[in-house]
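Visitor: The lines below spell out each chain.
Protein chains: 2
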Amino acid sequence: MSAGWFRRRFLPGGPLPAPRPPRPRTSPVPYRRPRFLRGSGSCSSTADSPRRPEARPVRCPARGRALPWNAGYAEIINAEKSEFNEDQAACGKLCIRRCEFGTEEDQEWLTLCPEEFLTGHYWALFDGHGGPAAAILAANTLHSCLRQQLEAIVEGMVTTQPPMHLSGRCVCPSDPQFVEEKGIRTEDLVIGALESAFQECDEVIGRELEASGQVGGCTALVAVSLQGKLYVANAGDSRAILVRRDEVRPLSSEFTPETERQRIQQLAFVYPELLAGEFTRLEFPRRLKGDDLGQKVLFRDHHMSGWSYKCVEKSDLKYPLIHGQGRQARLLGTLAVSRGLGDHQLRVLDTDIQLKPFLLSVPQVTVLDVDQLELQEEDVVIMATDGLWDVLSNEQVARLVRSFLPGNREDPHRFSELAQMLIHSTQGKDGSLTGEGQVSYDDISVFVIPLNSQHQGSSSH
Amino acid sequence: MSAGWFRRRFLPGGPLPAPRPPRPRTSPVPYRRPRFLRGSGSCSSTADSPRRPEARPVRCPARGRALPWNAGYAEIINAEKSEFNEDQAACGKLCIRRCEFGTEEDQEWLTLCPEEFLTGHYWALFDGHGGPAAAILAANTLHSCLRQQLEAIVEGMVTTQPPMHLSGRCVCPSDPQFVEEKGIRTEDLVIGALESAFQECDEVIGRELEASGQVGGCTALVAVSLQGKLYVANAGDSRAILVRRDEVRPLSSEFTPETERQRIQQLAFVYPELLAGEFTRLEFPRRLKGDDLGQKVLFRDHHMSGWSYKCVEKSDLKYPLIHGQGRQARLLGTLAVSRGLGDHQLRVLDTDIQLKPFLLSVPQVTVLDVDQLELQEEDVVIMATDGLWDVLSNEQVARLVRSFLPGNREDPHRFSELAQMLIHSTQGKDGSLTGEGQVSYDDISVFVIPLNSQHQGSSSH
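Chains as they are written, first to last, in our numbering: chain A, 109 to 569; chain B, 109 to 569.
Rather than coming from a laboratory, the hints here were simulated on the basis of the structure. Be aware that one or more of the hints could be misleading.
A pair holds if it fits inside one copy or across any two, identical chains being indistinguishable in the list.
Stated by the list, open to error - Each computed SDA-like pair below joins lysine to any residue, with the alpha-carbon atoms no more than 20 Å apart:
(1) Lys-201 / Asp-498
(2) Lys-422 / Pro-514
(3) Lys-189 / Val-279
(4) Lys-418 / Arg-435
(5) Lys-201 / Gly-515
(6) Lys-201 / Leu-401
(7) Lys-189 / Asp-479
(8) Lys-201 / Val-547
(9) Lys-464 / Val-378
(10) Lys-397 / Arg-277
(11) Lys-426 / His-410
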């Protein structure tokens with residue numbers, strides 16, 4: 109992506125973007141639930157069809173259907189907010205083949221050996237909005253994008269230190285020293301591959317949705333185990349945490365209009381055209397009105413962490429670029445997340461103002477060095493969409509995990525049981541567990557990844 | 109500052125910026141050392157004149173000259189890198205007057221009562237480059253900018269919670285609730301005032317240097333005590349740390365082309381014109397050359413935290429936007445810091461490529477809640493320019509502090525003695541203390557602020 113591309117795509121003077129999706133050329137993306145739920149008991153009647161309003165069961169994989177590392181999974185559809193469950197999930201083995209270089213003579217030709225070279229595992233949650241299509245495409249596509257990205261650099265991943273040149277050729281004798289001084293490690297290549305895979309997947313979704321005349325977007329939270337490390341890549345407001353006997357550690361942070369306020373205001377400062385004169389980029393404690401004119405009120409601009417006062421002018425009465433508090437905060441009055449995949453066609457209602465320029469598809473990646481952890485029997489990673497975290501804090505989830513696992517050591521299905529129990533705790537059925545007994549009406553999907561069973565679990569796709 | 113202003117000022121098509129400073133209209137900023145060094149013993153002969161090469165003494169305030177909170181100070185000039193000591197320092201009492209509102213009838217008129225209302229204390233270090241002028245102007249100006257900013261909002265600072273309207277008028281009954289929900293506290297107003305003061309000071313320096321036909325810039329590190337809190341605002345590569353018996357806590361982080369790589373690359377992505385086709389915004393482990401053409405080499409772009417490989421094209425052989433490692437890292441081959449004041453005229457040697465658009469004058473502010481600390485006898489904040497930290501780690505400084513203070517409790521001048529001792533430790537005179545016995549050839553200035561003597565110290569300006 110170049111700045112020129114950005115300007116042509118989003119700014120006035122470029123070719124006019126189509127205000128509505130063009131006539132479909134391919135068939136729409138069919139709705140489905142995750143593949144690994146097929147044959148699960150509680151869901152036979154609704155396996156691949158939309159929710160029936162009268163029933164809102166918690167669904168998990170069938171007993172005997174093992175996910176990678178014997179991970180657990182459960183999901184629940186929202187309380188009639190949308191016809192479909194807009195969450196999607198995927199997991200499986202990640203098989204990375206080696207691209208071997210030929211002999212010196214034909215170095216510019218790569219000989220692709222189809223044999224498996226490195227293997228990892230992959231778990232992903234996608235929380236859709238504006239329809240289920242983007243999340244389904246992401247669940248179908250992102251792991252392939254990641255595999256391709258990793259295969260393109262696998263030669264660099266298997267040496268102690270990534271080589272300056274992927275070919276291993278040393279143009280400068282001190283090349284390894286330059287790489288050393290920059291502190292570039294193998295995990296930086298995996299981080300780079302995850303960043304590129306998210307962006308590529310976003311482009312695929314944009315093309316597919318345009319071709320099928322559909323719309324929508326989704327968040328993406330991905331965990332990848334590779335070479336003894338767990339990489340957690342997040343774009344959106346899902347969350348992953350590590351729960352151990354004596355520790356709760358966040359493995360991701362949320363990207364919302366509030367947490368990315370400065371980046372978003374900065375873009376509106378650089379390209380005011382993006383607001384089309386309809387929004388103000390300034391933040392105020394509430395939307396201003398006529399009575400505030402001429403008063404000095406609290407405000408914040410893109411370069412400010414603190415707050416100051418400004419004299420209210422007429423342009424300050426416009427609708428704010430970022431409006432609302434906490435879970436209610438919206439970008440351009442429309443979207444609750446600031447990173448994710450899709451949303452290429454999304455516009456502010458009844459205008460031509462686009463959301464996409466303000467959204468990032470690139471994830472933030474954190475690395476958990478599992479091999480260094482001195483793993484204990486019940487160390488798990490909990491990944492869940494925002495519906496869970498709206499109602500349960502990290503500490504509450506950790507308490508539920510610690511209260512459930514020790515008493516259920518013999519049950520091979522216990523990690524899905526745990527996922528199911530976590531979801532039940534958000535439905536007001538176990539009021540005592542959540543303290544305030546809050547209820548979530550959102551779609552919720554949960555993976556429970558047991559770190560200690562990584563050598564026992566089988567894989568499925 | 110508006111985006112339009114930015115485009116007119118820095119992008120082609122706007123009025124041509126003057127490539128060289130215009131003919132001076134005012135007299136140049138005279139060189140001087142900090143005012144509080146006047147009359148100090150070790151410096152009587154060189155008090156306000158440039159360094160004499162034969163002597164490189166460590167200077168500190170005269171015994172009996174108390175700085176705010178009985179703080180200590182010491183400085184040393186660089187080893188013939190420049191004619192002048194380009195560091196500057198300032199400290200003093202901050203007297204904030206109240207702007208009282210009149211009666212209901214003439215609410216739009218402010219009655220300025222000249223009486224002192226709130227008092228704080230202020231310590232500041234400025235590390236100049238390209239000449240001493242910017243640092244001297246900053247030392248003369250920044251505290252006034254800050255006082256003005258604070259006086260403009262002092263009505264909002266003295267209530268438990270900042271009011272939505274500075275006048276205290278409640279336009280909406282739930283205004284206090286909106287402010288509460290945004291989590292806006294009094295300290296956010298002080299942070300906002302510091303951010304605005306740095307920017308205003310930057311503008312003053314720009315005007316003054318243009319008028320006097322001088323050039324240069326400086327970093328700025330400021331500590332302000334106010335209402336029981338210590339605010340540390342930093343723009344540049346100086347550093348402040350808190351040293352306690354059992355704790356070393358960084359109170360600032362450094363802003364260099366390396367630490368701000370993504371912001372700087374992002375700007376070059378948005379406005380490629382700023383590089384005038386002479387630089388590449390991409391980061392490589394080393395500068396590329398002809399032999400690298402067509403090879404796949406490690407690189408990083410603005411949206412990447414990780415690394416990836418790209419096939420080298422001709423444009424990748426250009427000089428990198430950010431080049432070099434660690435202390436050697438330079439922005440556009442020219443500048444080692446990415447935030448600070450001044451540098452309005454700075455250009456890449458023999459080109460019209462400006463540095464200023466890539467520099468931020470806004471500081472990062474951290475807040476130390478001194479009243480909550482359970483202060484111990486020897487809790488101090490150490491502020492110093494980068495020359496100290498090039499040679500001593502936070503932990504080494506903490507060890508030196510802890511080894512010095514307990515044995516010198518009776519000496520009222522001991523905090524300046526400590527500052528002096530820290531500087532001596534960078535001169536290879538106490539090799540055993542620094543471990544590797546590294547030597548600093550840079551200007552160094554150090555404040556030692558004893559947190560426990562805040563009610564004992566007198567103030568001076």
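Visitor: The structure should be examined with respect to each hint, and the outcome stated for every one.
Guide: Verification of the supplied hints:
1. Lys-201 / Asp-498: neither (31 Å within a copy, 47 Å between copies)
2. Lys-422 / Pro-514: For Lys-422 and Pro-514, neither the intra-copy (62 Å) nor the inter-copy (61 Å) Cα distance is at most 20 Å.
3. Lys-189 / Val-279: The answer is neither: 59 Å in one copy and 35 Å across copies each exceed 20 Å.
4. Lys-418 / Arg-435: For Lys-418 and Arg-435, the Cα distance exceeds 20 Å both inside one copy (27 Å) and across copies (40 Å).
5. Lys-201 / Gly-515: neither (29 Å within a copy, 63 Å between copies)
6. Lys-201 / Leu-401: The answer is neither: 60 Å in one copy and 36 Å across copies each exceed 20 Å.
7. Lys-189 / Asp-479: neither (42 Å within a copy, 48 Å between copies)
8. Lys-201 / Val-547: neither (35 Å within a copy, 54 Å between copies)
9. Lys-464 / Val-378: both (16 Å within a copy, 16 Å between copies)
10. Lys-397 / Arg-277: Intra 65 Å, inter 14 Å, cutoff 20 Å: inter-copy only.
11. Lys-426 / His-410: within (17 Å within a copy, 32 Å between copies)
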